[in-house]
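Add chain B to chain A, keeping to what the hints say.
If you read the protein sequences in the order shown, they are chains A and B. Heads up, our numbering is the position in the first sequence plus 412, with the first residue counted as 1. Heads up, our numbering is the position in the second sequence plus 1225, with the first residue counted as 1.
Hints were generated in silico from the structure; no laboratory data involved. Hints are supplied without guarantee of correctness; some may be wrong.
[Stated by the list, open to error] Covered by chain A, per the in silico footprint, the following chain B stretches (three or more residues, Cβ under 8 Å): (1) 1239–1245; (2) 1298–1305.
[Unchecked claim] From the derived model, a few chain B residues whose C-beta atoms are all more than 12 Å from chain A: (3) Leu-1251; (4) Met-1310; (5) Ser-1312; (6) Lys-1322; (7) Asn-1341; (8) Thr-1343; (9) Trp-1367.
This structure is a prediction, so every number in the text was calculated from the model and none was measured. Heads up, the beta-carbon is just placed ideally off N, CA and C, and yes, glycines get one too.
Here's the letter readout for the chains.
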Amino acid sequence: MAEQSLAGRVTELIGRSFPGASVNIEPGDGTGRLAGWITWDGFRGLDHVERQQRLREAIADLPMDDQLLLGPILTMTPDEASDDEEAA
Amino acid sequence: MAKASGPRAEAYRDAAAERSQDAVELFLAGRCGAAIWVAGVALECLFRAYHRRRSEQLDTGHDLKSLYKASRFADRVSPRHVERMGSSIGLVAASWKNRYRYDPEDAVRRSIGIRNATEFQRRATEVVNAVQEIVNHGVKRWPSNH
Chain A
413 MAEQSLAGRV TELIGRSFPG ASVNIEPGDG TGRLAGWITW DGFRGLDHVE RQQRLREAIA
473 DLPMDDQLLL GPILTMTPDE ASDDEEAA
Chain B
1226 MAKASGPRAE AYRDAAAERS QDAVELFLAG RCGAAIWVAG VALECLFRAY HRRRSEQLDT
1286 GHDLKSLYKA SRFADRVSPR HVERMGSSIG LVAASWKNRY RYDPEDAVRR SIGIRNATEF
1346 QRRATEVVNA VQEIVNHGVK RWPSNH
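This is chain B alone, in the form it adopts within the complex:
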């Protein structure tokens, strides 16, 4: 029998909630670049959690938009939340790259296309808030029949 590899779905889900809170704390400490990176990791954990419920085969790498589609998280979004979730997930996917784990804050800011610190702080606020919203949505709607 093939041995299961990697965390269980519930472990990914719990990690998503923890990383989401970590992102808030980094933001409050003034670490905007780190907050954005950890917020993206939280979303990656959530999508991996939903995907892992159905399969252990995943070939998306760390690409958030591909992970989103593979996760079938969309099936858990009610019609009245579709537009809002599209905006929030899109914002995070557009503001995050896995390589930011190697980048100093200034490089993250330039990569996103933001010119000054004030605007970068605003983007970090939006990303951290969006991830909290998405992760809360995903945790609340976590199917109980697994």
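Isolated chain A (complex conformation):
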């Protein structure tokens, strides 16, 4: 069986900690570090430092070598992440 990609494993861990979250992370151009954003209603009421702490806890089970391949991942509520071009 093919080994799951790092993006797949991170998405799975995030899904466990943040049920129902939308995860949009991938390495830029297929290489480089993983970057992107998570949209989750449960971030409402948490400041961005607290959200990042929750994210750190969510991925704590990843081997350290894999954690070093993660770039900043943005943590947003659905309202914050909405595309304003549609609303303009």
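Here is chain B on its own, set in the frame of chain A:
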């Protein structure tokens, strides 16, 4: 040969630094809504600068989170800064929409979900400070081999 369109990467980078300072000056003048909008523009310039180093094709519009991912700015963030940058970029992306250029200050405040002027001033402080931090980080780590 296709003609290059739009500013060069270095021009976007320099604009990011200038808009970041403009945001500070607007904030100090008490223009919190304008300061937030210009701060977001500074971040947009920075991400466009990093993206333009590699490509002229970009279809993200003005969406900061999409621009962030497309820019590969993440590759320039050292592991010890990842969490801090995630918080700072997330704060700005969550507090900014391109349509704010048309909105009066009260509409910007309501759009962000803030109820009073004091809290709005605090958010503006956080956004302007975050953008200064991110832009400084991006300018300092600008690759020299372009």
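So, going through the hints one by one against the coordinates:
1. 1239–1245: Not satisfied, violated; 0 residues make the cut.
2. 1298–1305: Answer holds; 5 residues pass the 8 Å Cβ test.
3. Leu-1251: Holds, because the least Cβ-Cβ distance between Leu-1251 (chain B) and chain A comes to about 20 Å, which exceeds 12 Å.
4. Met-1310: violated, 4 Å
5. Ser-1312: violated, 4 Å
6. Lys-1322: Incorrect as stated: the minimum Cβ-Cβ distance to chain A is 3 Å, not above 12 Å.
7. Asn-1341: holds, 17 Å
8. Thr-1343: holds, 16 Å
9. Trp-1367: Nearest chain A Cβ is 17 Å from Trp-1367 (chain B), so the label holds.
Figure legend: structure checked against the earlier numbered hints; hints not met, in rising order: 1, 4, 5 and 6.
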